[in-house]
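From first to last, the protein sequence lines stand for chains D and R.
Note that the numbering used here has the first sequence beginning at 1, numbered continuously upward.
Note that the numbering used here has the second sequence beginning at 1, numbered continuously upward.
In short, the hints are calculated from the structure, not lab data.
Accuracy of the hints is not assured; some may be wrong.
Quick list of in silico lysine-lysine cross-link-like pairs, BS3-like style, CA-CA up to 30 angstroms [to be verified]:
no. : chain 1 : residue 1 : chain 2 : residue 2
1   : D       : LYS57     : D       : LYS83
2   : R       : LYS2      : R       : LYS67
3   : R       : LYS67     : R       : LYS100
4   : R       : LYS56     : R       : LYS2
5   : D       : LYS70     : R       : LYS67
6   : R       : LYS2      : R       : LYS70
7   : D       : LYS57     : R       : LYS42
8   : D       : LYS14     : D       : LYS57
9   : R       : LYS70     : R       : LYS100
10  : R       : LYS2      : D       : LYS14
11  : R       : LYS2      : R       : LYS42
12  : R       : LYS100    : D       : LYS70
13  : R       : LYS100    : D       : LYS57
14  : R       : LYS2      : R       : LYS100
15  : D       : LYS9      : R       : LYS100
16  : R       : LYS56     : D       : LYS57
17  : R       : LYS70     : D       : LYS57
18  : D       : LYS57     : D       : LYS70
19  : D       : LYS71     : R       : LYS67
20  : D       : LYS83     : R       : LYS42
21  : R       : LYS42     : D       : LYS9
22  : R       : LYS42     : D       : LYS71
23  : D       : LYS9      : D       : LYS57
24  : D       : LYS9      : D       : LYS71
25  : R       : LYS2      : D       : LYS83
26  : R       : LYS67     : R       : LYS56
27  : D       : LYS57     : D       : LYS71
28  : R       : LYS70     : D       : LYS83
29  : R       : LYS56     : R       : LYS70
30  : D       : LYS83     : D       : LYS14
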Amino acid sequence: DGGITQSPKYLFRKEGQNVTLSCEQNLNHDAMYWYRQDPGQGLRLIYYSQIVNDFQKGDIAEGYSVSREKKESFPLTVTSAQKNPTAFYLCASRVTLRYTEAFFGQGTRLTVV
Amino acid sequence: QKEVEQDPGPLSVPEGAIVSLNCTYSNSAFQYFMWYRQYSRKGPELLMYTYSSGNKEDGRFTAQVDKSSKYISLFIRDSQPSDSATYLCAMQDPSYNTDKLIFGTGTRLQVFP
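All chains, please: the whole structure from these sequences, using the hints.
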């Protein structure tokens, strides 16, 4: 079955550590996205990538980094520079063409301990 | 003013009721509209998508777009307890040079037996 897989489902990080969230898709989609979801704030765009080896900052990129070495994979690193990293992180993908719907993974809940 | 406004709820209705969920937006260039359903601690699931003005029906769900009023709606007929979730609207501005989607903050729906 085609879809988007995020791992792990739950992640705990000590202050000062970097952690990497995985996102893999087998939908053959060109565009991939990372969103952060906090209660009452909806989805906020962190980074997005329209093609391999290219990515752009979203609205809240500070303290995060990404890579896009393969079409299927778009990992997100939450660095120690992110001051408030506890949140629900969602990865999405869509066909590059405009006017296409986005499909989401099941999310990763990151908690700083 | 946010580009997309959505009442956070919660909206509480009895089983079998007709539910109306709404979003307003400020950018008249928006043309592509989507509705997602998100269960607690899960990723959003695409329910409906529509392009420009008009209605689209799929089973118990009807999506309606009124571009003159910059208002979109999702109607759920014969609501069920399993419809209890947060509903997110999303839309795209075709003038953006990106594939960026703008999301509402979500409306929490509770359907009680």
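Structure-based check of each hint:
1. Distance check on the hinted pair: D/LYS57 and D/LYS83 sit about 18 angstroms apart at the alpha-carbon level, within 30 angstroms; holds.
2. Restraint check for R/LYS2 and R/LYS67: the C-alpha separation of about 17 angstroms stays at or below 30 angstroms, so the hint holds.
3. For the proposed pair R/LYS67 and R/LYS100, the alpha carbon gap of about 20 angstroms is at most 30 angstroms, so the pair holds.
4. Using a Cα cut-off of 30 angstroms, the hinted pair R/LYS56 and R/LYS2 holds, with the two alpha carbons roughly 26 angstroms apart.
5. Taking the CA atoms of D/LYS70 and R/LYS67, the gap is about 39 angstroms. The hint is violated against a cut of 30 angstroms.
6. Between R/LYS2 and R/LYS70 the CA atoms are separated by roughly 13 angstroms; this keeps the pair inside 30 angstroms, and the hint holds.
7. Distance check on the hinted pair: D/LYS57 and R/LYS42 sit about 25 angstroms apart at the alpha-carbon level, within 30 angstroms; holds.
8. For the proposed pair D/LYS14 and D/LYS57, the alpha carbon gap of about 25 angstroms is at most 30 angstroms, so the pair holds.
9. Note on R/LYS70 and R/LYS100: the hinted pairing holds, with a Cα-Cα distance of about 19 angstroms set against a maximum of 30 angstroms.
10. Pair hint R/LYS2 plus D/LYS14 does not hold up; C-alpha atoms about 34 angstroms apart against a cutoff of 30 angstroms.
11. Our distance criterion of 30 angstroms between C-alpha atoms is met by R/LYS2 and R/LYS42, whose separation comes to about 25 angstroms.
12. For a cut-off of 30 angstroms, the pair hint linking R/LYS100 to D/LYS70 stands: about 21 angstroms separates their Cα positions.
13. For a cut-off of 30 angstroms, the pair hint linking R/LYS100 to D/LYS57 stands: about 11 angstroms separates their Cα positions.
14. About 15 angstroms separates the Cα atoms of R/LYS2 and R/LYS100, which keeps this hinted pair within 30 angstroms; it holds.
15. Restraint check for D/LYS9 and R/LYS100: the C-alpha separation of about 25 angstroms stays at or below 30 angstroms, so the hint holds.
16. Only pairs whose Cα atoms come within 30 angstroms are accepted, and R/LYS56 paired with D/LYS57 is rejected, the gap being roughly 34 angstroms.
17. Annotation: proposed proximity of R/LYS70 to D/LYS57 holds, straight-line Cα distance about 28 angstroms (limit 30 angstroms).
18. For a cut-off of 30 angstroms, the pair hint linking D/LYS57 to D/LYS70 stands: about 18 angstroms separates their Cα positions.
19. Of the supplied pair hints, the one linking D/LYS71 and R/LYS67 is violated, its CA atoms being roughly 36 angstroms apart against a limit of 30 angstroms.
20. Restraint check for D/LYS83 and R/LYS42: satisfied, since their Cα atoms lie roughly 24 angstroms apart, inside the 30 angstroms limit.
21. For the hint linking R/LYS42 to D/LYS9, the alpha-carbon distance of about 10 angstroms falls within 30 angstroms, and the restraint holds.
22. Straight-line distance between C-alpha atoms of R/LYS42 and D/LYS71 comes to about 24 angstroms, which keeps the hinted pair within the 30 angstroms bound.
23. Taking the CA atoms of D/LYS9 and D/LYS57, the gap is near 24 angstroms; set against the 30 angstroms cutoff, the hint holds.
24. Distance restraint check for D/LYS9 and D/LYS71: the Cα-Cα separation of roughly 22 angstroms lies within the 30 angstroms cut-off, and the hinted pair is therefore satisfied.
25. As the CA atoms of R/LYS2 and D/LYS83 are separated by approximately 24 angstroms, the hinted pair is consistent with the 30 angstroms bound.
26. As the CA atoms of R/LYS67 and R/LYS56 are separated by approximately 14 angstroms, the hinted pair is consistent with the 30 angstroms bound.
27. For a cut-off of 30 angstroms, the pair hint linking D/LYS57 to D/LYS71 stands: about 18 angstroms separates their Cα positions.
28. For the proposed pair R/LYS70 and D/LYS83, the alpha carbon gap of about 37 angstroms is over 30 angstroms, so the pair is violated.
29. For a cut-off of 30 angstroms, the pair hint linking R/LYS56 to R/LYS70 stands: about 17 angstroms separates their Cα positions.
30. Between D/LYS83 and D/LYS14, the direct Cα distance comes to roughly 12 angstroms. Compliance with the 30 angstroms bound is thereby established for this hinted pair.
Comparing the model with each earlier hint shows violations of hints 5, 10, 16, 19 and 28; every other hint is respected.
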